[in-house]
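Novice: Residues per chain are reported as follows:
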Amino acid sequence: MLDLKLEDIDGILVRYNVALEKEMTPDEAAEELYPKDELIYPIAKAIYEGEEDDVIDGLKAAIDAGKDPIALINESLMVGMSVVSQLYDEGIIFLPNVMMSADAMLEGIEFCKTQTSEVPEPKGKIVCHVAEGDVHDIGKNIVAALLRASGYEVVDLGRDCPVDEVIEAVEKEKPLMVTGTALMTTTMYAFKEINDKLLEKGIKLPFACGGGAVNQDFVSQYDLGVYGEEASDAVKIANFIVENGSEIEKLREEFHKH
Amino acid sequence: MLDLKLEDIDGILVRYNVALEKEMTPDEAAEELYPKDELIYPIAKAIYEGEEDDVIDGLKAAIDAGKDPIALINESLMVGMSVVSQLYDEGIIFLPNVMMSADAMLEGIEFCKTQTSEVPEPKGKIVCHVAEGDVHDIGKNIVAALLRASGYEVVDLGRDCPVDEVIEAVEKEKPLMVTGTALMTTTMYAFKEINDKLLEKGIKLPFACGGGAVNQDFVSQYDLGVYGEEASDAVKIANFIVENGSEIEKLREEFHKH
Amino acid sequence: MVKKYTSMAYANADDMLFGNSKFPVKAGLGLEIGAGYTTPELNYAPRPQAGKSKEKLIKEYERITTDAMARMVQIGAPSIVLETEHVEQMTNNPEWGGAVAHAQKTIMEEYHDEYGIKCALRHTVGDIREDRDYLKLTGDKFDLLMESFEQVAKNGADLLSVESMGGKEVFDYSILRNDTAGILFGIGVLGSMDMETVWSGVADIAKKTGTVAAGDTDCAQANTAMFIAGGLLDKNLAHTIAIVARAISAGRSLCAYEAGATGPGKDCGYENTIIKSISGVPIAQEGKTSTCAHSDVMGNLTMQCCDLWSNESVEYHGEFGGTSVQCWSESLAYDCSLMNVALKTGKAKDLRDMFTLSDKYRDPQGYVLAYDNAYRVGEAIAKDGNDNYLRAKNAAVECCNIVEEGVASGKLKLTRFEINALTKVKEDLAALTDDSDKFMSDCLTKYKEEVAVFLPENYGL
Amino acid sequence: MVKKYTSMAYANADDMLFGNSKFPVKAGLGLEIGAGYTTPELNYAPRPQAGKSKEKLIKEYERITTDAMARMVQIGAPSIVLETEHVEQMTNNPEWGGAVAHAQKTIMEEYHDEYGIKCALRHTVGDIREDRDYLKLTGDKFDLLMESFEQVAKNGADLLSVESMGGKEVFDYSILRNDTAGILFGIGVLGSMDMETVWSGVADIAKKTGTVAAGDTDCAQANTAMFIAGGLLDKNLAHTIAIVARAISAGRSLCAYEAGATGPGKDCGYENTIIKSISGVPIAQEGKTSTCAHSDVMGNLTMQCCDLWSNESVEYHGEFGGTSVQCWSESLAYDCSLMNVALKTGKAKDLRDMFTLSDKYRDPQGYVLAYDNAYRVGEAIAKDGNDNYLRAKNAAVECCNIVEEGVASGKLKLTRFEINALTKVKEDLAALTDDSDKFMSDCLTKYKEEVAVFLPENYGL
Ligand code: B12
Ligand code: B12
Ligand code: SF4
Ligand code: SF4
Ligand SMILES: [Zn+2]
Ligand SMILES: [Zn+2]
Ligand SMILES: [Zn+2]
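Chains as they are written, first to last, in my numbering: chain A, 1 to 258; chain B, 259 to 516; chain C, 517 to 977; chain D, 978 to 1438.
Isolated chain A, as found in the complex (with noise of 0.2 Å):
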């Protein structure tokens, strides 16, 4: 068959990810971001590398050196985390590391809260679904996992979900926001029925909405709806919210294109 010579492969395609991948490999991105304390330091980095027996081991050996398990949680799991974050929204890891990272970080808290009588002020309760009717729901997936990797406390409705259902869990949940998840122009309009019924009890919370149907014009139509992209825009929106507070305004005048 036809083949191309290696130098005129450039001139048809560029592997752009090759090209911009960081001289830098992920361990020692990761390793300028750690934090310095002798205690913490092993932690994070086990974090970093979905090391569940790591992770406890270096808990373990900060709680007996006098760290407060409780306060270990913020100190060094959710920095640990948050390295991990901030590589992956740099394009350096992938999901499938903030996968295992999160599971090694819950594992982690698990312990934590083993060794204490005191319960940790949970970051707040997102709930999660995929619109009622819509059977795609590896997006919301990705962004209950996201979310959960950032210390959010998930409640996953899964997917096909009647409105009905949304209303009641926000309504037992109290959650900081909601997200719906949608990939079909059918079934996205359940998400303005969600809002009208929130709206109709009375409730005000963010509701944060993406999936491949669902672009930011739509969600702007109604009162509660606040877009995001991609999955991890769904942490960026938690984050805020605990940061500056639930209103609407503000949050589409940070993440809505304009």
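In short, the hints are calculated from the structure, not lab data.
One should not assume that every hint holds.
Anything over 12 Å on all C-beta distances counts as not near chain A; from chain D, calculated [to be verified]:
no., residue
1, 1040
2, 1105
3, 1298
4, 1314
5, 1364
6, 1367
7, 1381
8, 1382
9, 1410
Beta-carbon label-pair distances, calculated as ranges [unchecked claim]:
no., chain 1, residue 1, chain 2, residue 2, range
10, D, 979, B, 277, 42 to 52 Å
11, D, 1047, B, 344, 47 to 57 Å
12, A, 3, C, 552, 51 to 61 Å
13, B, 277, D, 1012, 13 to 23 Å
14, C, 546, A, 91, 49 to 59 Å
Cut-off 30 Å, straight-line C-alpha distance, at most; resulting in silico cross-link-like pairs (DSS-like, lysine-lysine) [what the hints assert, rightly or not]:
no., chain 1, residue 1, chain 2, residue 2
15, C, 942, A, 22
16, D, 1324, B, 450
17, C, 927, D, 1036
Just so you know, even glycine gets a beta-carbon here, dropped at the ideal spot from N, CA and C.
Got chain A; can you put chains B, C and D with the ligands on it based on the hints?
Specialist: Relative to chain A, chains B, C and D with the ligands alone:
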């Protein structure tokens, strides 16, 4: 250069127009449609051929033989023109022929009028325009030409026509319908404004709309709108109004695809 | 009843070509697929509001059908296939699907009679065999699926397809966890088992109704992996893993033809070149002219051996140049015209190679699916064709080898991340048993435990 | 100042090829047009509501630009041109056009800096030189047009274009009446005169601002004829007349390069192959991947000698596969990828010929624009290159001869209607004078009388 073998061409493309061209020549097809009456036949044929002089000659002969000049308009000129329209509709002759026949017919009408003091009952008046902001006027020109060819009196407001001018013309001319043409998605919204202003004034008449940007769904959004895809639809809509009245619902039932 | 492929339909990769298949398929009104020419296959989705009632839906499909046929005639296209991918209501209410097929076919017959245009209608029913949380592959839902096939076949559909979902629950779990065994089990084992059941059923109906059991696609798994992997800069899944899932899927989608289907395979089966090399059936493909539906990194390459050339799917709406279905069918028709000229001028193999080279080095997925390499994956499958597990594993191993050779040649450049992911898959594969029964029982134990929604009874296990 | 072409840039038709021009043009960020590779050129229209304010419009173009650049990088496309065809507000308020150019270029620079993607920005200002009823080619409106060019050039546009309208009033009248002299006068004489004025102006601005005076298109006339002629089954205008108008338009659009423009010519100038044969400038073309904007009967043929490959224009909106600009830019990029592979593998002339043959016999328009025949029309123009009227008439005559030969060969099949129309044009042409001055004064008299909106002062007459 490479070339295709003659016998290979059909596998790649089909000249459906050639394949479909009627066995009959246009002249033969017309011959079948002319009225048989000895005095009418030559007039109808001269119309079809676009021969103005022959039209006048034929009219003279018929009048000499005792025919009523005003009656001749409907019985010969219009009949000849309807042969032309039918052949155009069937794809046997093309627009330029129609336009030449129409010119011949209009001359014929003028001649008939000079032969009597009676005033012919006009078939109806129609106001045509291109939407405000839009310079694309060829479609409208074709519409106007075909309407004239079918015996309607056309008030042509031209292109880039302000909404208020359309309203004024309707108030002044009291046409049996208005037509609007728009080729740009940015200009077609003027049709809605025209619709609203007409209704505000209590004027209800069919507003036939077409042109590249316009589609049936858009036109269905305002009360007076009737959508037409091809220029010849404007004639069909006008004829339908003459025969069945101007109820929009009925018109849509007839002309909208469902 | 199910006869597995254990040899190749083509003696050489170089014998494979667009517009030509070993076993052409006659369908519809004067059409023959894979018989020396390519044909556009247009797919479309009704607008959201159109699903409100049966009447509205039928009107929508009538307009779509008329628009498309009219445009084909206006530009002189000799042939077209229309593909209607069911919206859920059409499969769940078999008489809806039947009524739509009937309405469409009536219009197509008018065009065929007036202009002689060759055409056929594909209906792809929805795989509605699931509850909200679980797959329900057998029982009532299976019967409903078959009834839907029967209704569309009786009412005008010429080509019968479905995008079936067997194995998806395990796959979904595994793909985000880089779990090689789970990917292999979901696609290669569970998927294949379900395919055999579904397609035996469809083949019977086709025989009974005088229609064509056309083919399936691993949309639910290999395409999902491809979409999660995304473009060059996405970072949710290594493209090297996506292509391993794709290689595995070839064995799975092949099951349709083993159960009696004859092609043309479904457009979005990017595994179809591999399948064609083994089975010789005609295939539909999509790529650079299905950007309306999705983006991929092998837009031209997929044309290399296609018999039908598809836009995947476009929502019906207006564009400056007409309705969306008119625009896309026209673009497809010109693509086909180019291929057909190549066939008539003796330049087809050159054109094929140009299609392939456009994307062979763009991405590891294109590299493996390039027809020469696809053929090798085909051989790996045929070698152990009788064993669904082994052939899937072979395909995955061969896929890894091919990518590694590409890297070694210097022409396929991967990121470190992609290379690492590949290394891991290769190690995982090497660690797997060669004993299908053992693999099955290991996986059953493992995934019953780890995947809450996995119900072995779906597979008669 | 205006130096007319009297010889051919290429010694043979066979030397003409896509991605290669005699005089490549460097533009924008690292791009060279016609220098051995083809590049997609994406054009887009803002949504209707977006024109409401300057701010909204800028945001809309920012989103369009980001979407397109992002997609190009995702699929690994090495280069892209963005074309912004002004909506009327952007030309009538030159600072709007400038602000849009600036916003777009800022984003393009970011992508170029981060990824090294080669890119350039074309702005096509609107020809706003008209009142409601009359053309107003000179005076205030002309100055405003030039100011608009200057603003976009200073603010980031790399390539300057316009679709100018000189001669259109006479043409519009003539085309529906099969008036050959009027068509010739409108396009070949009046159109050419106006082109010389406009393009001398643009060339000055380009020189002053260090940008490229790119080129024009006879959209207002030859394309109008083509669209009225429509598809195979339309019956508003004979396709044989449409192609005569097209042949005439080549002399007219050539005037841009004679006045100092250097190309790339505008996408919708279907006369561009003829122009390339004479002038050697790079050209943009559109066809099978501009179905979003219009339908034509030569979708592949137009690729034969293109340097930029365009979608003509698509409204910005969502599709399943992303936004419309992402979908179409991706399709274009793959088309270019195919051509670029052909160039690198030494198969480019074969691919060119396949493009041509796809449509050479589809329609008389494609037949004459096939590069071998287009070259002959070019020769007819160059022969009397110094005389706008004579070269236009030559082009028309040669066009008729070419079509007749095609019919005689048996390969180009025409309807009786098309043949009759052709015969009439040929007779009309034969009856015309060879004296330009006489033609001018005859036409002035005739059309001043017949065409109410024709104002000779627009042309300094
Ligand atoms: C894989 C797939 C499937 C799989 C789904 C498997 C699964 N478990 O999800 C299967 C095979 C089951 C499937 C079935 C069908 N599908 Co499907 N499918 C796809 C496909 C190819 C890829 C979708 C995907 O997984 N993308 C990858 C994920 C990761 O992307 P994502 O979900 O958009 O999420 C990303 C972002 O959007 C974001 N995000 C997601 N949610 C949220 C939420 C928030 C808050 C934020 C901030 C961000 C965010 O994060 C993610 C990563 O960044 C698309 C093609 C396409 N162009 O999208 C068609 C597509 C969605 N399917 C389509 C169709 C038609 C169907 C079927 C009806 C086909 C049929 N006839 O049977 C059935 C649906 C049946 C039903 N009742 O729903 C159409 C929908 C058309 C429409 N009307 O809109 C599409 C668009 C294909 C097409 N072009 O025609 N499909
Ligand atoms: C020719 C043309 C021009 C010519 C117009 C000459 C003239 N005298 O009309 C010129 C060069 C002047 C021109 C200018 C522009 N144009 Co222009 N033009 C076209 C083109 C190529 C063909 C239009 C045409 O004549 N078609 C043939 C006629 C016969 O068709 P028609 O009008 O639709 O009519 C038929 C039917 O619709 C029907 N019909 C018409 N009216 C009615 C009414 C009734 C009642 C009925 C029943 C039927 C009916 O009958 C006809 C025959 O069947 C189109 C391309 C396209 N896809 O349409 C672009 C197009 C319309 N133009 C476009 C643009 C953008 C422009 C410019 C803004 C470009 C610029 N940047 O300068 C300017 C406009 C300036 C302004 N202020 O308006 C865009 C519009 C995009 C949009 N937003 O919608 C188009 C769609 C091109 C594109 N794809 O981008 N243009
Ligand atoms: S990829 Fe597209 S065409 Fe294929 S099955 Fe999935 S939705 Fe249908
Ligand atoms: S044909 Fe299209 S691209 Fe060309 S000038 Fe007219 S509107 Fe613009
Ligand atoms: Zn499809
Ligand atoms: Zn669209
Ligand atoms: Zn354009």
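Novice: All hints are to be evaluated individually against the structure, with a verdict given for each.
Specialist: A quick look at each hint next to the structure:
| no. | hint | verdict |
| --- | --- | --- |
| 1 | 1040 | 6 Å, violated |
| 2 | 1105 | 28 Å, holds |
| 3 | 1298 | 9 Å, violated |
| 4 | 1314 | 6 Å, violated |
| 5 | 1364 | 43 Å, holds |
| 6 | 1367 | 43 Å, holds |
| 7 | 1381 | 40 Å, holds |
| 8 | 1382 | 35 Å, holds |
| 9 | 1410 | 52 Å, holds |
| 10 | D:979 <-> B:277: 42 to 52 Å | 48 Å, holds |
| 11 | D:1047 <-> B:344: 47 to 57 Å | 55 Å, holds |
| 12 | A:3 <-> C:552: 51 to 61 Å | 27 Å, violated |
| 13 | B:277 <-> D:1012: 13 to 23 Å | 44 Å, violated |
| 14 | C:546 <-> A:91: 49 to 59 Å | 52 Å, holds |
| 15 | C:942 <-> A:22 | 25 Å, holds |
| 16 | D:1324 <-> B:450 | 55 Å, violated |
| 17 | C:927 <-> D:1036 | 40 Å, violated |
Consistency note: the structure conflicts with the earlier hints numbered 1, 3, 4, 12, 13, 16 and 17.
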